[in-house]
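Could you build all of it, start to finish, from the sequences and the hints given here?
Those letters in the sequence shown? Residues -20 to -1, 1 to 405, by mature numbering (1 follows the signal peptide of the UniProt record, and there is no 0).
Worth flagging that the hints you see were computed from the coordinates, not collected in a lab.
Quick caveat: nothing in here was measured; it's all calculated off a predicted structure.
Cβ coordinates follow ideal geometry from the N, Cα and C atoms, glycine included.
Mixed in with the good hints, there may be bad ones.
Ranges of calculated distance between the beta carbons of each label pair, as one might list FRET restraints [said to hold, decoys possible]:
#1 308 x 105: 36 to 44 Å
#2 162 x 269: 36 to 44 Å
#3 243 x 121: 52 to 60 Å
#4 357 x -15: 53 to 61 Å
#5 354 x 332: 24 to 32 Å
#6 117 x 53: 19 to 27 Å
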Amino acid sequence: MRPRTWVLVLAGVFAVLQLANVTGRDTPDTKNYLSYALSLRGDGKRAAAAATIDYACAGKASIARRDQGVDVVRFHAPDPTARVMAECRAAELRGVQARLRAGQSGGPTVPFMPERFMRIFEVRPGYPLFLVPFVTVFGVTWGLWVSSVVVTVAGGVLAFLILRTLSVRVPLALTGQALFYVLPCGATAMRPMTEGLMLTLTLAALWGCALVLAGRRARAGLALVGGSLLALFTVKHSQALFLGLCLAAAGALIAVHRRRRGRSPGRALVAVAWVGLGAALGTLLLAKVLRYPSESESLQDLLTDHFARPDRTRLWPEFLHLQLNFWVEWLRRQLWEPLFLTALAAGAWGALRRPAFGVFLVAAAFTGILTQAGHPDINIWGDRLIVLAWLLPVVGVPLLLEPVVRGRARVPGQGFGEPAVHSMR
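Structure representation (structure tokens):
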């Protein structure tokens, strides 16, 4: 079969496997994004609230039924679906109706939480806008599922395209696609939240960097980097800031290294650095002009449990204290079960085989560390904040395995000063 056929087969197998969990993937934040999408398509506040609550409560009821079915004490008890659904719907409706009566009816989202908290989601229109055609055509439940499959499949395909652009052979490029699906980035991307789009857009930016380094289609590569960063601003502007800064630093590092070796860095490579820097500065400027919630507001949200407690008066000292405690505990847990650290080490080792592109790969993966550092919560839905770091093994491990397939340890043309060979065949 042709490579594209294998790509479609992998994508199809992944999509079929996801039928095992059509509901129950949502998190508390999903309600905010879904209600935003329903408002964008024209639903009123109460209609959007009803549809969103039905979806969230159906997921909770489905999980309750499955959990009871394998509970060694209660597996023969009556089906809890109706009871859980009714209790959940009543509780959610009470909270929403109370806030609507209190006048919290502005903005495009349904008021599931205090106004200051909802404002954080209202400045992220990209993902709700992406959802609109899916929930309109397929309905809420299947629309969210199909949209998650589409964005996750696209991420795997982009991993394949990146590796092929680096002239990695088809079996290893398919390995990168499969790794995206089976590692935590695949499961996280399937959740109806922004992380799936963030992963896919970050991979799109990396593909643009690979095209620039390949020496062909440099303009297309630059357009891909710039377009991805622009789209990321609408999805989650902090990721646009982090990725822009990291790509700018990576491009500058490679350019300086090449100049020290007496080689021209190339205008396209320098342009990548400038595009990244421009995106970072533009994000800061636009966020200020549009009056987006500041970093201090985000920290207050973190330290007050979503504004359920009074604002902290010693905000930064408390945040830094929590930051230290978090990373100590995080490292302890990772050493206890070191799969993530091992995968990162393997990915970094593979990235070293392609130093120029490897710098961009490490930079993009590092945005996951920055995202986690911005919200050091040890119990937040299975390490989804740091998920971007998994891109390092997704692309780096196939590069590490390349000598095994090619039968030699060195691939020509992969130094800082030499471009990769572009091949999509």
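For each hint, the structure was consulted:
Remark: the range hint 36 to 44 Å for residue 308 to residue 105 is upheld by a beta-carbon distance near 37 Å. Roughly 42 Å separates the CB atoms of residue 162 and residue 269, a value that falls within the hinted 36 to 44 Å. For the pair residue 243 and residue 121, the beta carbons lie near 55 Å from each other, so the given range of 52 to 60 Å is met. Between residue 357 and residue -15 the beta carbons are some 39 Å apart, a value that contradicts the proposed interval 53 to 61 Å.
Checked against the given bound of 24 to 32 Å, the beta carbons of residue 354 and residue 332, roughly 28 Å apart, stay inside it. Between residue 117 and residue 53, the C-beta spacing of about 43 Å breaks the proposed range 19 to 27 Å.
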